[in-house]
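**Q** Here the sequence shown stands for residues 1 to 234, numbered as in UniProt numbering.
Hints are computed from structural coordinates only; laboratory data are not their basis. Be a bit skeptical, because a hint or two may be false.
[Unchecked claim] No farther apart than 20 Å at their CA atoms in a straight line, the calculated lysine to any residue pairs in the SDA-like style are these:
no.: 1; residue 1: Lys56; residue 2: Lys135
no.: 2; residue 1: Lys144; residue 2: Val215
no.: 3; residue 1: Lys62; residue 2: Glu31
no.: 4; residue 1: Lys24; residue 2: Gln51
no.: 5; residue 1: Lys25; residue 2: Leu66
no.: 6; residue 1: Lys198; residue 2: Pro228
no.: 7; residue 1: Lys219; residue 2: Thr151
no.: 8; residue 1: Lys170; residue 2: Thr90
no.: 9; residue 1: Lys197; residue 2: Ser172
no.: 10; residue 1: Lys135; residue 2: Ser89
no.: 11; residue 1: Lys219; residue 2: Arg163
no.: 12; residue 1: Lys135; residue 2: Gln67
no.: 13; residue 1: Lys135; residue 2: Asp195
no.: 14; residue 1: Lys197; residue 2: Leu184
no.: 15; residue 1: Lys62; residue 2: Ser89
no.: 16; residue 1: Lys198; residue 2: Tyr217
no.: 17; residue 1: Lys62; residue 2: Lys213
no.: 18; residue 1: Lys198; residue 2: Ile231
no.: 19; residue 1: Lys25; residue 2: Gln51
no.: 20; residue 1: Lys25; residue 2: Lys62
no.: 21; residue 1: Lys219; residue 2: Glu162
no.: 22; residue 1: Lys62; residue 2: Leu139
no.: 23; residue 1: Lys213; residue 2: Leu168
no.: 24; residue 1: Lys197; residue 2: Ala147
no.: 25; residue 1: Lys198; residue 2: Tyr209
no.: 26; residue 1: Lys219; residue 2: Arg137
no.: 27; residue 1: Lys170; residue 2: Leu66
no.: 28; residue 1: Lys197; residue 2: Arg163
no.: 29; residue 1: Lys197; residue 2: Ile222
no.: 30; residue 1: Lys197; residue 2: Glu164
no.: 31; residue 1: Lys135; residue 2: Thr55
no.: 32; residue 1: Lys197; residue 2: Ile145
no.: 33; residue 1: Lys25; residue 2: Ser11
no.: 34; residue 1: Lys144; residue 2: Thr90
no.: 35; residue 1: Lys135; residue 2: Ala221
no.: 36; residue 1: Lys109; residue 2: Asp42
no.: 37; residue 1: Lys25; residue 2: Asp42
no.: 38; residue 1: Lys170; residue 2: Lys213
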Amino acid sequence: MKSLTFIEQVSPAFVHQLAQIGTKKKMSPTESVLFIDGEVADKLYLLESGQIKLTKATADGKELTLQVFGPGELVGMVGLFESGVTYTSTATMHEPGEVNVIQRSALEKLLLENGEFCVDFLRWMAIMNRRIQSKFRDLLLNGKIGAFYSTLIRMSNTYGEEREDGILIKLSLTNRDLAQFIGLTRESVNRMLADLKKLDVIEIMPHGYLLIKDVEYLKEAICCDDCPPEICQM
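Could you put together the complete structure from these sequences and hints?
**A** Written out as structure tokens, the structure is:
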């Protein structure tokens, strides 16, 4: 099941009002940074087109990829009705596109004035928090291989397209990109991909896409809890 975007989880009236209070901005490859870890979190970004990549640098200099967002997603949500809140990650344009830049103060005012929009927003935030908790649980409890398998399952739900021969993950990824999602080395991911390919569980496709041919193998290997599809996402 493909992940529902932010605009698919809230009312059309809410989306319309966000467009009214926001400012559209086209992002070129040379203007790819939206915000940086540690900056004051005074804006949110509703993605109209392109892709946004969210990353976090570790103390030893590694870069972890937290998420890649597509059109219809709201990015930059750290906290509301708090002063001095800062971003906890860095957001860059993974693919050029257009964003609707929304001032956090304007969103707060909109939510205070409309209870239905507030309920929509709180429901969306609750789902996002449950996704994060389940993702961290898998990464911590399943070991390196289990964390990798869990990431593939979540990618198939978030970016996947069902086909007769499996689920095509329509996100262009190098082995280094995959490693950054889990905090592993590229060499470790190379070995795990090779093992899965020998077992005919996956197939490496053109343009950096992956075809998951046997997702049940991945689920059985990590004793998958079969979380609701809206939770088992990246």
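**Q** Would the pair Lys62 and Ser89 pass a check requiring their Cα atoms to be no farther apart than 20 Å?
**A** holds, 13 Å
**Q** Taking 20 Å as the top limit, are the C-alpha atoms of Lys198 and Tyr209 close enough?
**A** holds, 18 Å
**Q** Is the straight-line distance between the alpha-carbon of Lys25 and that of Leu66 20 Å or less?
**A** violated, 24 Å
**Q** Are the Cα atoms of Lys219 and Glu162 separated by 20 Å or less?
**A** Between Lys219 and Glu162 the Cα gap is close to 17 Å, so the pair holds against 20 Å.
**Q** Are Lys144 and Val215 close enough, with their CA atoms no more than 20 Å apart?
**A** Given pair Lys144, Val215 holds - Cα atoms ~18 Å apart, limit 20 Å.
**Q** What's the verdict on Lys198 and Ile231, does the C-alpha distance respect the 20 Å limit or exceed it?
**A** violated, 30 Å
**Q** Decide if the proposed pair is consistent with the structure: Lys25 and Asp42, CA atoms, cutoff 20 Å inclusive.
**A** holds, 16 Å
**Q** Lys62 and Leu139 were given as a pair; does the straight-line alpha-carbon distance stay at or below 20 Å?
**A** Holds, because 17 Å separates the two Cα atoms, which is no more than 20 Å.
**Q** Is the Cα-Cα distance between Lys135 and Ala221 20 Å or less?
**A** holds, 16 Å
**Q** Mind checking the alpha carbons of Lys25 and Lys62 for me, to see if they're no more than 20 Å apart?
**A** violated, 30 Å
**Q** Straight-line Cα separation of Lys135 and Thr55 no greater than 20 Å?
**A** holds, 15 Å
**Q** Checking one constraint from the list: CA of Lys198 to CA of Pro228, max 20 Å. Satisfied?
**A** Outside the cut-off at roughly 30 Å; violated.
Of the hints listed earlier, those the structure fails to meet are numbers 3, 5, 6, 8, 13, 17, 18, 20, 33, 34, in rising order.
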